[in-house]
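Asks: Chain order of the listed sequences is R and L.
Here this note's numbering is used: the first residue of the first sequence is 0, the next is one more, and so on.
Here this note's numbering is used: the first residue of the second sequence is 6, the next is one more, and so on.
FYI, nobody ran anything at the bench for these hints, they're computed from the structure.
Hints should not be assumed to be uniformly reliable.
Unchecked claim - Okay, derived cross-link-like pairs now, DSS-like style, lysine-lysine, Cα gap no bigger than 25 Å in a straight line:
hint, chain 1, residue 1, chain 2, residue 2
1, L, Lys-65, R, Lys-249
2, R, Lys-116, R, Lys-381
3, R, Lys-116, L, Lys-65
4, R, Lys-384, R, Lys-116
5, R, Lys-249, R, Lys-238
6, R, Lys-384, R, Lys-544
7, L, Lys-65, R, Lys-219
8, R, Lys-238, L, Lys-109
9, R, Lys-285, R, Lys-544
10, L, Lys-109, R, Lys-285
11, R, Lys-238, R, Lys-254
12, R, Lys-544, L, Lys-109
13, R, Lys-254, L, Lys-65
14, R, Lys-249, R, Lys-327
15, R, Lys-327, R, Lys-238
16, R, Lys-168, R, Lys-254
17, R, Lys-384, R, Lys-168
18, R, Lys-116, R, Lys-285
19, R, Lys-544, R, Lys-116
20, R, Lys-249, R, Lys-219
Claimed, not checked - To give a feel for the contact side, a few chain R residues facing chain L, derived at Cβ under 7 Å:
hint, residue
21, Ile-24
22, Phe-28
23, Asp-242
24, Ser-261
25, Ala-527
26, Leu-537
What the hints assert, rightly or not - Cβ-Cβ distance ranges computed for the label pairs, FRET-style:
hint, chain 1, residue 1, chain 2, residue 2, range
27, L, Ser-22, R, Arg-128, 39 to 49 Å
28, R, Asp-389, L, Arg-97, 41 to 51 Å
29, L, Ser-22, R, Pro-484, 24 to 34 Å
30, R, Val-203, L, Ala-108, 33 to 43 Å
31, R, Lys-327, L, Glu-98, 41 to 51 Å
Built from N, CA and C at the ideal position, the CB exists for glycine as well.
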Amino acid sequence: MAAALAPTLAPAATDVGSPALNISIFALFVVVTLTIVIRASRNNRSAADFYAGGRAFTGRQNGIAIAGDYLSAASFLGIAGAIALNGYDGFLYSIGFLVAWLVALLLVAELLRNSGKFTMADVLSFRLRQRPVRMAAAVSTLAVCFFYLLAQMAGAGGLVALLLGVDSKAGQSLVIAVVGVLMIAYVLIGGMKGTTWVQIIKAVLLIIGAAVMTVWVLGKFGVNLSSLLGQAVDASGGKPVLDPGLQYGKSNLTKIDFISLSLALVLGTAGLPHVLMRFYTVPSSKEARRSVVWAIWLIGIFYLFTLVLGYGAAVLVGPAEISAAPGKANSAAPLLAFELGGAVLLGIISAVAFATILAVVAGLTITASASLSHDIYNSVIKEGKASQEDEVRVARMTAIVIGILAIIGGIFANGQNIAFLVALAFAIAASANLPTILYSLFWRRFNTRGALWSIYGGLGTALVLIVFSPVVSGKAPLTPGGPSPSMITDPSVDFSWFPLDNPGIISIPVGFLLGWLGTVTSKEHNEAKFAEMEVRSLTGHGAEKAVVH
Amino acid sequence: MSNDARTDRDPYVELQSSPEFAELRSRFRRFVFPMTALFLAWYFLYVLLSTYAHGFMSTKVFGNINVGLIFGLGQFVSTFVITMLYARWADREFDPRADALHAKLEAQGVDD
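So here's chain R without its partners, still in its complex pose:
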């Protein structure tokens, strides 16, 4: 079907596959996961149950769940699409996402598991002044979760158009609302246990689906990667899709922009609050280590699949048709599924894509609600005196509020050009969270002022730079007289002065520098508390145990 269509003739969403079938497969996924969530969450009583799944998951289960949390729609659909359209530069993107896990493995996961309870702020405030540091850590946690969540929800709208044949704005808004309500249900009923199972099931489906498609594509090219690559060049009209530079090599500025993005990707992962929170769902630091090892293998193998899928989509579907489809680059993987296995495979891949959004937003919601109730409500407002029941009650209420905000935000952001929000979330994690995490784990002298300057400074710098960057305003229109590809599509509005799309190259050094400067200008130091933290983080003494029911 691919070759016959003229590139200008955008296939209406309903041309591809069967929306009824897609919806049925997705409904089946929802029924199965909800059943499991309800069964798994019968004894969700304590805060450790709600926030950390009773710390009873094995390293392998948690590793699979981490992969399910991390392989968002942006990395599954986005990277395959980027490779299909921009070739090698899409592949570059996936490498940053993978290598980043070594930071988490070597420097963060185990020490964090040993010294914290539920949130990132537990570790950051361990030996510093509780209230201001928890507040700062909660603010930056909420900022990362908010941007990430908004990007996911807005992406859901585009997916709906492609996969379910829902073209009207109202229909798409309804689907976004359904996604939001389901997510609230998973979090309320299942807490972290339920969320984890959704992520595990989704990761298994996603990886198996991608594996089947990869083998299928390779089979079509006689299991010869070189021949697939050669045909990808031909299918792209001779564009050098096997060489770096198509997307990022245009000018000196785009090159620096790419380096800035690479910094944020490789340093951001180990500062993402919803990833950090997953390390508390296992009984010990050894299991946390095992989780990351599993996650690295699964994520790495998955990105290798996307390399084949991306080039496969370029050959079998063709860049012209992908660009013309409703979801643009995001439609590469679903269109390839249809090309290979018809409506059934498309239905499965569509359901997996929806499950992906659901699993990721559920993980983000529980992280944000834990931060609001454990850090802000209990520690800042109630000065640590709230009971566990109160804390969990507040967490459930905030989960509902966050869910409703996500639905409204998703409906409002539907169709907006806000794909940059995922990269922004990584930049904030790398600039505001990672410096404070590393300093507090490894630097004896580190103190409250250092933490506050680093978190607020890194966060503020990243936000200010992005607001005054070309992603928000001032990009030249692609066609004369057309809309600007910036978030503000009116080309006459231009208040940008920062030339890069990615703030990391400035904001990450600023975060580290301010953490150092704040520390050396303050005399505060608590040697005993540092000794306790260092001993506990390395030996596992006093680490939170699994809940026994």
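Use these hints to put chain L onto chain R, whose structure you have.
Replies: Just chain L, lined up with the frame of chain R:
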């Protein structure tokens, strides 16, 4: 978790200043810091080559497989290898020492 003042008899301070703990910490840092420097340097070498050495990265090695693809796949291989090396090192070298110190604190009756 209040910032309570502790005395010199604090078991954590005592353990922290013991030679066994210094040994554990230095072994840990001697492994993870150089390894982190290594993989970050290797990653940024790759990023810089992909950004500024297009000609080199586009050199065909065999068939349609070019230097860039081999370098990129090399990043996957190095990530997997470092992961396995670290897990093996941590299981064999780090855990027994950390567990011994953990047990020592418990034997002193410090709340776990």
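Asks: Could you run down the list of hints and mark each one as holding or not?
Replies: Checked hints:
For the hint pairing Lys-65(L) with Lys-249(R), the CA-to-CA distance comes to about 22 Å; that is within 25 Å, so the pair holds. Restraint check for Lys-116(R) and Lys-381(R): the C-alpha separation of about 18 Å stays at or below 25 Å, so the hint holds. With a C-alpha separation of about 51 Å, the suggested pair Lys-116(R) and Lys-65(L) falls outside the 25 Å cut-off, and the hint is violated. Distance restraint check for Lys-384(R) and Lys-116(R): the Cα-Cα separation of roughly 16 Å lies within the 25 Å cut-off, and the hinted pair is therefore satisfied.
With a CA separation close to 14 Å, the supplied pair Lys-249(R) and Lys-238(R) stays within the 25 Å bound. A hinted pair counts as satisfied when its Cα atoms are at most 25 Å apart, and Lys-384(R) with Lys-544(R) qualifies at roughly 21 Å. A C-alpha spacing of about 23 Å is found between Lys-65(L) and Lys-219(R), which places the hinted pair at or below 25 Å, so the restraint holds. Using a Cα cut-off of 25 Å, the hinted pair Lys-238(R) and Lys-109(L) is violated, with the two alpha carbons roughly 65 Å apart.
Note on Lys-285(R) and Lys-544(R): the hinted pairing holds, with a Cα-Cα distance of about 13 Å set against a maximum of 25 Å. Restraint check for Lys-109(L) and Lys-285(R): the C-alpha separation of about 19 Å stays at or below 25 Å, so the hint holds. At most 25 Å may separate the alpha-carbon atoms for a hinted pair to count; Lys-238(R) and Lys-254(R) meet this at roughly 19 Å. Among the hinted pairs, Lys-544(R) with Lys-109(L) is consistent with the structure: their alpha-carbon atoms are about 19 Å apart, no more than 25 Å.
Straight-line distance between C-alpha atoms of Lys-254(R) and Lys-65(L) comes to about 23 Å, which keeps the hinted pair within the 25 Å bound. Our distance criterion of 25 Å between C-alpha atoms is met by Lys-249(R) and Lys-327(R), whose separation comes to about 21 Å. Note on Lys-327(R) and Lys-238(R): the hinted pairing holds, with a Cα-Cα distance of about 19 Å set against a maximum of 25 Å. With a CA separation close to 37 Å, the supplied pair Lys-168(R) and Lys-254(R) exceeds the 25 Å bound.
Straight-line distance between C-alpha atoms of Lys-384(R) and Lys-168(R) comes to about 47 Å, which puts the hinted pair past the 25 Å bound. For a cut-off of 25 Å, the pair hint linking Lys-116(R) to Lys-285(R) stands: about 16 Å separates their Cα positions. A distance of roughly 10 Å separates the Cα atoms of Lys-544(R) and Lys-116(R); the hinted pair therefore holds under the 25 Å criterion. Distance hint between Lys-249(R) and Lys-219(R) is unfulfilled; the C-alpha atoms sit about 33 Å from each other, more than 25 Å.
For Ile-24(R), the suggested interface contact is broken, since its CB lies about 31 Å from the closest CB of chain L, more than 7 Å. The beta carbon of Phe-28(R) is not positioned within 7 Å of any beta carbon in chain L (closest approach about 30 Å), and the interface hint is therefore violated. Restraint check, Asp-242(R) versus chain L: the minimum CB separation of about 4 Å is within 7 Å; hint holds. Proximity of Ser-261(R) to chain L holds as hinted, the smallest CB-CB distance being about 5 Å (cut-off 7 Å).
The interface hint given for Ala-527(R) is met, as the beta carbon of that residue sits about 4 Å from the closest beta carbon of chain L, less than 7 Å. With 7 Å as the threshold, the beta carbon of Leu-537(R) comes within range of chain L, its nearest partner Cβ sitting at about 6 Å, so the hint holds. At roughly 25 Å, the beta-carbon separation of Ser-22(L) and Arg-128(R) lies outside the given 39 to 49 Å, and the hint is violated. Between Asp-389(R) and Arg-97(L) the beta carbon distance is about 45 Å. The supplied range of 41 to 51 Å therefore holds.
Between Ser-22(L) and Pro-484(R) the C-beta distance comes to about 59 Å, which lies outside the given range of 24 to 34 Å. For the pair Val-203(R) and Ala-108(L), the supplied restraint of 33 to 43 Å holds, since their beta-carbon distance comes to about 38 Å. Between Lys-327(R) and Glu-98(L) the C-beta distance comes to about 50 Å, which sits within the given range of 41 to 51 Å.
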